[in-house]
Amino acid sequence: MSRPPSAAETSSLKVRRGKGRKARFSPVDYILKDLWRNRSRTIMSMSSVAALSFLFVLFSSMDAGFADFFSGDTGVPSDEQKELYKVKGVMENWVYLITALSLILMALVVSNTGIITVVERRFELATLRALGISMPRVIFMVSASLAMILYGGVLMGTVLGLLCIPLLDRVSLTLFTQGIGFPLSFDPTLIWRSFLVGTLAGAIGASLPLIFIARSSPLEVLRDG
Amino acid sequence: MDNGTSFISVRSVVKEYRVGDSTVRALDGMDMEIDEGDMVALMGPSGAGKTTLLNMIGGLDSPDRGSVIVKGMEISSLNEGQRALFRKNNVGFIFQFFNLIPSLTALENVLVPVMFDRDPPFDRAVELLERVGLSGRMDHVPGRLSGGERQRVAIARALINDPMIVLADEPTGNIDSVTAREIVSLFRELNDEGKTMIMATHDRLVSARARSVIKMRDGHVVRGKAKSRERIVHLADRKASGGIRRKVEG
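Protein sequences, first through last, are from chains A and B.
Letter by letter, the first sequence follows residues 1 to 225 in my numbering.
Letter by letter, the second sequence follows residues 226 to 475 in my numbering.
Next up, chain B with everything else stripped away, as it sits in the complex (with noise of 0.2 Å):
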């Protein structure tokens, strides 16, 4: 799209994963511009890469060739500990099994990221919870939850730093339609307040939500940016009522 400007850069990206005794090429030469705000859906058949590329953007892997940049930093030369740091600080995850941990409660699942910090933000992750409508369900262990309450403490637990970045892998893969509606209109509104969410599906809800859709398969992209015109104008919009909230620190 740009030269270097972009929010977050994916340039020639080429991995490869050893299955068994043959390697299979995730990402084959991937290049893709996403802009601060976007609400992007990657979308493409089982093995297209969507979940790799996802990973690249979220510091959980790292390319056998090409750069991933991130707001100006090539988070694929960080190292392991810098990699970590980058994802406490800059990238909220929503997995599609939720990965929520099952002796603790919801409240207490969504301060797991912070709970090294000195002082956890315990009124934000109340907060958080309430807002996905969990105000009742705070000291509920993820077994006795739905899952579509476990999905929205996971999304509560995405958003617990505040991160620029929201990565969700098949966020609606796990749950029934109705609470799947519901979650996108929730990715909707935290990407109104300025998120950039991008999001792995095979959900057409999803992908119909999304500002930005980008069509994958065999690793690289085959179509993108399909509602780039209605993008640059949402954008243009919230920069001008001073909707989008910029993180700082890296």
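Isolated chain A (complex conformation) (with noise of 0.2 Å):
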């Protein structure tokens, strides 16, 4: 077993490898393999993800819209300008309520997640952990799965959000002028803003399935099992 392969198995190893076989395996490949495995769930908790985020920046902008429409003014309101600030201060708690909304719901669709991949799979990181793999990297292997989910989520919910912003502004500033939309406008923080949120939701969320496998014993999950 320990003896140097010889010519002709080298050369067979060289052929198999010409053939795509890939030389390495990482802890990367494992958790993508995983993810496509669970691929219904992958995609399904991704776009609970990205639709929150799509909100978060949908209204993030509309508050940044407002804040650009009131930007040019210096006199004395209007009554009719006051009613605008009324509502630019209505406005701003719908953003503050949608991106507490945005956090709490991200954090319970990873949290959700989390707990799922965790039960479903406790026989699974019982036997790598059996196998000598220290808890450390099986959390690390279990967060990295979440992070993928939860940045790609985030991601696809922001820039979604963002090529929206130059339609709906459109429509929006037609509406507004008759005294019923909103006017948008792109923010550039929004974009870290947005994967700030997702970060926390992520940090809360995750913590909870991540407790459950510290706490785990292998020994027993492998003995139930």
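To be clear, the hints were calculated from the coordinates, so they are not data collected in a lab.
Take the hints with a grain of salt, since some may be wrong.
Unchecked claim - If you want a taste of the chain B side facing chain A, the calculated C-beta under 7 Å gives, among others: (1) E241; (2) L285; (3) R290; (4) G306; (5) A309; (6) K313; (7) F318; (8) N324; (9) I326; (10) S328; (11) E333; (12) L336; (13) P338; (14) M340; (15) F341.
Said to hold, decoys possible - Here are the computed lysine to aspartate or glutamate pairs in the EDC-like style, where the Cα-Cα straight-line distance is at most 20 Å: (16) K313(B) - E124(A); (17) K33(A) - E124(A); (18) K33(A) - D342(B); (19) K33(A) - D364(B); (20) K296(B) - D260(B); (21) K313(B) - D364(B); (22) K313(B) - E261(B).
Glycine residues also receive a C-beta, built at the ideal position from the N, C-alpha and C atoms.
Can you join these two chains into the complex? Each is in its own frame, and there are hints to help.
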């Protein structure tokens, strides 16, 4: 077994690699394969996060649009403008509400996905630990898997939201002149704010499943399995 | 047997588990010594403590009382991280239900224990799969392999780190008798190369090919080392011919 491979064996290995076999296997490959195996769940979780990010970006851009709209005002506001200021205040509250809701719902999505992953794969995770992979590394693998879902969703939602801003702005501005729409504006800080909300949600949501892993005994899982 | 010079030494080990409201004593003052390069079959009825003992030796479990010493290292006193490292470097586990990762191919499954290594031994994984007769099945996921083939993948995985000790829990419990014979022959081959093999089994085929048989009941040894004379001669022969390779790192 420990003998060096013969020339024929070495050449046959080369041939096999030439046929497309990868000469390495890393934890990232493992995580990607697992996400692919559970692709229905992956896509569903990612879409939920994307939808929440989209909403966050949209409402934040409305807020930015209002800020732009009022930025030129200096004199004493007219009655109509006072009404608009009131609307602006309401809009800001909506933005805070949507941000908080996005954060909570994203955290729930991450937590839910994480718990399902940990429960469904408990036997697999226990086997990894039995094979000598340390608990921090198992936690890293599950965290990385959740992070891929979360940031994948945030990226999709943010890009979609930013792409929609010019389109919605055109519609909204027309309606705004009739007193029923809202202006939208692209704010570059939306990108990092969106990822910040995602990161906070991920940190909150992932904590429960990760604590679950840290507290579980691989031995008990293998014995019960 | 001897005084602290054994490769594996289990001393006065007690292990209890809570099952509902009651406490089950899985190991009851267990004492046992295993030499390097031995091939031991642990036999006994269900609940005798065979799997618990395997888990203790493999560093998966720790005793409530007593000590487990492997090559001079008291593994019962190691913390979780140290035990994980001990398992990775020194122990190969073979499970009854194979415990393969369903989303990975046979080759990737073999590489799982070393996937965090800077340079995973890809060529060795290929060699091991060829050796267990799966050269044409490397890219197959476990779902497309037979029970015997899955167990071969599990054996290759157990050997990827070139461990000192191979622990097998009912290795033939889930495969047909023909495949079981082949698996046991493979175990014997590995043992001939110097691996210390410890198998928990009900299968007489396995115990017949083992060099030592230890019978357990109610958490302690009732009869052991039935084939010790043959084993000692065997070890002496192999040591004389340089057949035993020793792993130095801890």
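Outcome of the hint check:
no.	hint	verdict
1	E241	violated, 14 Å
2	L285	holds, 5 Å
3	R290	violated, 18 Å
4	G306	holds, 6 Å
5	A309	holds, 4 Å
6	K313	holds, 3 Å
7	F318	holds, 6 Å
8	N324	holds, 4 Å
9	I326	holds, 6 Å
10	S328	holds, 4 Å
11	E333	holds, 5 Å
12	L336	holds, 4 Å
13	P338	holds, 4 Å
14	M340	holds, 5 Å
15	F341	holds, 6 Å
16	K313(B) - E124(A)	holds, 16 Å
17	K33(A) - E124(A)	holds, 14 Å
18	K33(A) - D342(B)	holds, 19 Å
19	K33(A) - D364(B)	holds, 14 Å
20	K296(B) - D260(B)	holds, 10 Å
21	K313(B) - D364(B)	violated, 24 Å
22	K313(B) - E261(B)	holds, 19 Å
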